[in-house]
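Trainee: Below are the chains, spelled out letter by letter.
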Amino acid sequence: MALMNWALRKSLWVYHVNTGACNNCDIEVLELLTPKYDIERFGMVLVGSPRHADVLAVTGACTRQAQPRLQEAYRQTPKPCVVMAIGACANAQGIFTEAYHMGAGVDVAIKAVDPDAIIAYVPGCPPKPEAMIAAAVKAMELIKTL
Amino acid sequence: MDAFGIIGTYIAAAVGTLAIGLFLRWFDRKATAMVQWRKGPPWYQPIADVLKLFSKETLVPSTARRTGFLIAPAIGLAASALVAAILWSAVLRPDVGFVGDLIVVVYLLLIPPLMTIFGGLASGSPHAAVGASREMKLILSYELPFFLALLVGVIHSDWSLQLGQSSVIGVVPLYNISGVIAMVLAIIAMQAKLGQVPFDIAEAECEIMSGVYAEYSGAPLAIIFLGKAMMLAVMPLLLITVFWGGLTATPLGIAAFIGKYVLLVVLVTLIRNTNPRLRIDQIMRFFWFGLAPLGIAAVVLAVLGW
Numbered sequence: 211m212a213l214m215n216w217a218l219r220k221s222l223w224v225y226h227v228n229t230g231a232c233n234n235c236d237i238e239v240l241e242l243l244t245p246k247y248d249i250e251r252f253g254m255v256l257v258g259s260p261r262h263a264d265v266l267a268v269t270g271a272c273t274r275q276a277q278p279r280l281q282e283a284y285r286q287t288p289k290p291c292v293v294m295a296i297g298a299c300a301n302a303q304g305i306f307t308e309a310y311h312m313g314a315g316v317d318v319a320i321k322a323v324d325p326d327a328i329i330a331y332v333p334g335c336p337p338k339p340e341a342m343i344a345a346a347v348k349a350m351e352l353i354k355t356l
Numbered sequence: 010m011d012a013f014g015i016i017g018t019y020i021a022a023a024v025g026t027l028a029i030g031l032f033l034r035w036f037d038r039k040a041t042a043m044v045q046w047r048k049g050p051p052w053y054q055p056i057a058d059v060l061k062l063f064s065k066e067t068l069v070p071s072t073a074r075r076t077g078f079l080i081a082p083a084i085g086l087a088a089s090a091l092v093a094a095i096l097w098s099a100v101l102r103p104d105v106g107f108v109g110d111l112i113v114v115v116y117l118l119l120i121p122p123l124m125t126i127f128g129g130l131a132s133g134s135p136h137a138a139v140g141a142s143r144e145m146k147l148i149l150s151y152e153l154p155f156f157l158a159l160l161v162g163v164i165h166s167d168w169s170l171q172l173g174q175s176s177v178i179g180v181v182p183l184y185n186i187s188g189v190i191a192m193v194l195a196i197i198a199m200q201a202k203l204g205q206v207p208f209d210i211a212e213a214e215c216e217i218m219s220g221v222y223a224e225y226s227g228a229p230l231a232i233i234f235l236g237k238a239m240m241l242a243v244m245p246l247l248l249i250t251v252f253w254g255g256l257t258a259t260p261l262g263i264a265a266f267i268g269k270y271v272l273l274v275v276l277v278t279l280i281r282n283t284n285p286r287l288r289i290d291q292i293m294r295f296f297w298f299g300l301a302p303l304g305i306a307a308v309v310l311a312v313l314g315w
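Same order as they appear, the protein sequences are chains A and B.
211 is the number of the first residue of the first sequence in the numbering used here; add one for each residue after it.
10 is the number of the first residue of the second sequence in the numbering used here; add one for each residue after it.
Careful: at least some of the hints might be erroneous.
BS3-like, lysine-lysine: derived pairs with alpha carbons at most 27 Å apart [stated by the list, open to error]: (1) B:LYS48 with A:LYS338; (2) A:LYS246 with A:LYS220; (3) B:LYS39 with A:LYS220; (4) B:LYS39 with A:LYS338; (5) B:LYS146 with A:LYS348; (6) B:LYS39 with A:LYS348.
Here are the in silico distance ranges between beta carbons for each label pair [unchecked claim]: (7) A:ARG285 with B:THR257: 51 to 59 Å; (8) B:ARG294 with A:ASN233: 30 to 38 Å; (9) A:GLU340 with B:LEU101: 34 to 42 Å; (10) A:MET214 with B:PHE107: 37 to 45 Å; (11) B:PHE107 with A:LYS354: 27 to 35 Å; (12) A:GLU340 with B:ILE263: 45 to 53 Å.
To be clear, the hints were calculated from the coordinates, so they are not data collected in a lab.
C-beta: ideal position from N, C-alpha, C; glycine also.
Can you build the whole structure from these sequences, using the hints too?
Mentor: Put into structure tokens, the structure is as follows:
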């Protein structure tokens, strides 16, 4: 089992979910793939389908419209998986908190589906790519304890 | 050869080719990273990917036909393993093959793409259905130039349908005008057969969410991954056997064989990295009206002895 755990840590595939972000965090997520940061060094790649993913990189404030879609994407992700809430909006709905069109917030929406979900918070508006790499490393440490 | 010998050859060829294929997957990703001025993944990356996928949960969509959905990747992998066994035995012992094994290989090479279509359609997902129809059009496009290219190799090896016959009679089809044309056609068809970038319409990640593979997860996805690695190892081997003289059992011959193999894989990677994805109609026009007449010309030249 230790081998499987090692394999999961060394090969995290990321699916990017936008739940109503302003596109700023999304640009920073794409920055991770560029030569300067090159997250493929750690075996992380962006994949096209949540069924291939180990990490859901969630950006955006989780609007009422997006919330059921986010929950469905989480259900369709094979477990074990990690949710990365990227940016101030995904962490605590940022400046949009208490607005009329807001859902429950990313972590609350995910926890409603699976109370034991692993959620890594990446604060910042937008967070730096270094912060996202730090969060990925923390997620790997958490996976070690699974 | 008795039954145990055959089964032993099959398993040894499958495992060996799988190891080579996983190494080539890493090589491909590393070369891509170097082209893009990145550092790239460590050498154990494909092994970690496969182990991880085997340990993950397998989800089957509620709309899927369960048996067909789960069995299709395994049949594709088994077929490519069989191709690997036939090709390695033709490369290592060119004198013991059977007449018509080239035809068997061509048919078996059609099974992995067919199983991709089968699995994609069985998953019941609209993305996979679009991907499967695109894969079908891709097969219809590249098969004709591919056959014509192989036919050139057959003509040069004295009309023999046996793999490795060209190296037995000491002819290298590539060292002719028609052989060069056929090699170019075969390399492009190989690119399409592997589903690499200019021809990756069936899985187009940003259009149809990995298309035919969209619904796969866990162990079946790992088997698809292994099947792709196997195909990446098998296709250059076929091209070398048919066009480029196979393997001679001298130190220089082995070095030349490895050099040819690596050259073909590097070509696949470089074509992948320097081309954008083509549209469906562009691909069909390119293969039917561009490459197929070229293939016919190559066949005519080969018959004339050029």
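Trainee: Indicate whether the distance between the beta carbons of PHE107 of chain B and LYS354 of chain A respects the range 27 to 35 Å.
Mentor: Between PHE107 of chain B and LYS354 of chain A, where Cβ atoms are some 53 Å apart, the hint is violated.
Trainee: Assess, step by step, whether the Cα of LYS48 of chain B is no farther than 27 Å from the Cα of LYS338 of chain A, and give holds or violated.
Mentor: 20 Å, holds
Trainee: Measure nothing beyond the straight line between the CA atoms of LYS246 of chain A and LYS220 of chain A; if it is 27 Å or shorter, mark the hint as holding.
Mentor: 20 Å, holds
Trainee: Should the hint that GLU340 of chain A and LEU101 of chain B are 34 to 42 Å apart at their CB atoms be regarded as holding?
Mentor: 51 Å, violated
Trainee: When you take the CB atoms of ARG285 of chain A and THR257 of chain B, is the distance between them in 51 to 59 Å?
Mentor: Between ARG285 of chain A and THR257 of chain B, where Cβ atoms are some 57 Å apart, the hint holds.
Trainee: Starting from LYS39 of chain B, check that the Cα of LYS348 of chain A is at most 27 Å away, please.
Mentor: 26 Å, holds
Trainee: Quick check: does the Cβ-Cβ distance between ARG294 of chain B and ASN233 of chain A fall within 30 to 38 Å?
Mentor: 36 Å, holds
Trainee: Hint says 45 to 53 Å; check whether the CB-CB distance for GLU340 of chain A and ILE263 of chain B agrees.
Mentor: 47 Å, holds
Trainee: Given the proposed pairing of LYS39 of chain B with LYS220 of chain A, does the C-alpha separation stay at or below 27 Å?
Mentor: At roughly 16 Å apart (the allowed maximum being 27 Å), LYS220 of chain A and LYS39 of chain B satisfy the hint.
Trainee: Could you check the hint for me, namely that MET214 of chain A and PHE107 of chain B are 37 to 45 Å apart, CB to CB?
Mentor: The hint (37 to 45 Å, Cβ to Cβ) holds, given that MET214 of chain A and PHE107 of chain B are roughly 42 Å apart.
Trainee: Between the alpha carbons of LYS39 of chain B and LYS338 of chain A, is the straight-line distance 27 Å or under?
Mentor: Given pair LYS39 of chain B, LYS338 of chain A holds - Cα atoms ~26 Å apart, limit 27 Å.
Trainee: Please work out if LYS146 of chain B and LYS348 of chain A have their alpha carbons no farther apart than 27 Å.
Mentor: 45 Å, violated
When held up to the earlier numbered hints, the structure conflicts with 5, 9 and 11 and fits the remainder.
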